[in-house]
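Engineer: So you can see what is in the structure, the chains are spelled out below.
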Amino acid sequence: MSEPLLVLRDVHRSHVQGSTTVHALRGVDLTVGPGELVAVMGPSGSGKSTLLHVAGGLDTPTSGEVLVEGRDLAVLSAGAAAAVRRRSVGYVFQDLNLLPSLTAAENVALPRELDGVRGRPARAEARAALAEVGVAELADRFPDEMSGGQQQRVAIARALVGPRRLLLADEPTGALDSATGEEVLRVLRARCDAGAAAVLVTHEARHAGWADRVVFLRDGTVIDSSGPVAGAESLLPSGGGR
Amino acid sequence: MSIRHGLLALLERGPRYGYQLRAEFETATGATWPLNVGQVYTTLARLERDELVAPAGEADVEGRITYRITDPGRAELARWFRSPVTRQDAPRDELAIKLALAVTTPGVDVVAVVQTQRSATMTTLQELTRLRTRADDGAGDLAWSLVLDALVFRAEAEMRWLDHCETRVARAAAARVDEPAAAPVPAPGAKAVRR
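So the sequence lines, in the order shown, correspond to chains A and B.
According to my numbering, the first sequence holds residues 13 to 254 in order.
According to my numbering, the second sequence holds residues 7 to 201 in order.
Everything labelled a hint here was simulated from the structure, so no lab data went into it.
You may find that some hints are simply not true.
To be verified - Just a few of them, taken from the derived set where beta-carbon distance is under 10 Å, the chain A residues facing chain B:
#1 Asp41
#2 Thr43
#3 Gly45
#4 Gly47
#5 Met53
#6 Gly57
#7 Arg201
#8 Glu216
#9 Arg218
#10 Trp222
#11 Arg225
#12 Val226
#13 Arg230
None of these values were measured; they are calculated from a predicted model.
Note that beta-carbon positions come from the ideal geometry of N, C-alpha and C, so glycine has one too.
From just these sequences and the hints, can you work out the full model?
Structural biologist: Given below as structure tokens:
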């Protein structure tokens, strides 16, 4: 496998809630390479969202390493970590992904403009990204002129615009009907097949079915993983490093 | 469903010999129901005995006999299409029984039994999703695609049912105050063992 886009090594995350300490993650190991779509499943409170936040640098681990494209977010300065986060990682949430006052193309171009890319080339990259998710014709529409599925496609385009290759998605199909959700997963799958990597938190087995690997989280620990290519891995004891 | 009705349905398209029937049966059901040619000939022999099919003529130069559907065969096929399928889903039932026994057998880690199944069912679902994508991208064989859909729905239902089982087992365990706390989940893939 070429260099992984995301590596989590023995990641712990605990936070104090009143007089008790909540261990949201307890020693999670996860490696995601280019071309891989990894789904994370688990009951509520198992640490799925925390895992995603830590992976994207939105939250810091109590201990352990988080490497995005080989760079350890923990040892970087806050500013440098923010730059890695912004330039390497894209997010797709259940809803409220797009700014309502901007068109699809402007929404997708925005992260590139924040990267320092000029307006015109940023806009060109945005149109290319929109074409890659099959919604080139929506470039000049505003979010409220699009269906939920179209908005999620635009959100995927925004997450992977320019050089970004790591997409973190938290229940991206949660607000969609089943058929539209499938379409969004199909796009996500296609982007991964084209070389991106994605971590998808979902409670829908049907959507996790699109993944190369499904990781089962429980009480902050990876207890199992499934997938045609991960047969041998799933025999490893939990907590064992890869 | 029986292979009988499958063969009758194929013969309704026109006379065929055994090898053709086997090939077409597998095309219609994908790899989900592999048939060997022996099963096809045994079934044809029984259908002929019951006068639901008949040889369409003499054996050809290669010794192959072509069969055709008879009027009683057509009636039987029509009856089959009219009738609902009764649920005799053996694998699923086995799973239900296994879970029921796991819950009531002392020392069995039910959570591990559930997770072992969940992981296996999820792998199946991943494989089916791949096959379906390939089917959709390809020539678009509707019959095969619908069979795959059915299997996807079934795997999905099984996943939901497993979640449901786990929740109920957890609640039941919580209700039993004198029970010790649930043991940590053992190594993935581990079979349930008696302590």
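Engineer: With reference to the structure, classify each hint as holding or not holding.
Structural biologist: We went through each hint and held it up to the structure:
Given hint, aspartate 41 of chain A at the interface with chain B, is violated; its Cβ is 13 Å from that chain's nearest Cβ, farther than 10 Å. The interface hint given for threonine 43 of chain A is broken, as the beta carbon of that residue sits about 17 Å from the closest beta carbon of chain B, more than 10 Å. The restraint placing glycine 45 of chain A at the interface with chain B is violated, with a minimum CB-CB distance near 17 Å, outside the 10 Å limit. Interface restraint check: glycine 47 of chain A against chain B, minimum CB-CB distance 14 Å, threshold 10 Å, status violated.
Nearest Cβ of chain B to the Cβ of methionine 53 of chain A: about 8 Å, under the 10 Å cut. The hint holds. With a cut of 10 Å, the hint placing glycine 57 of chain A at the interface with chain B is violated, because the nearest CB-to-CB distance is about 12 Å. Checking arginine 201 of chain A against chain B by beta carbon gives a least distance of about 7 Å; that is within 10 Å, so the hint holds. Hint status for glutamate 216 of chain A relative to chain B: holds, with the closest Cβ pair at about 8 Å, below 10 Å.
Interface hint at arginine 218 of chain A: satisfied, since its Cβ lies 5 Å from the closest Cβ of chain B, which is below the 10 Å cut-off. With 10 Å as the threshold, the beta carbon of tryptophan 222 of chain A comes within range of chain B, its nearest partner Cβ sitting at about 5 Å, so the hint holds. A distance limit of 10 Å between C-beta atoms decides the matter here; for arginine 225 of chain A the minimum to chain B is near 8 Å, and the interface restraint holds. A hinted interface residue such as valine 226 of chain A counts as satisfied when its beta carbon comes closer than 10 Å to some beta carbon of chain B; here the least separation is about 5 Å, so the hint holds.
For arginine 230 of chain A, the interface hint holds, since its Cβ comes within 10 Å of a Cβ in chain B; the closest pair sits about 6 Å apart.
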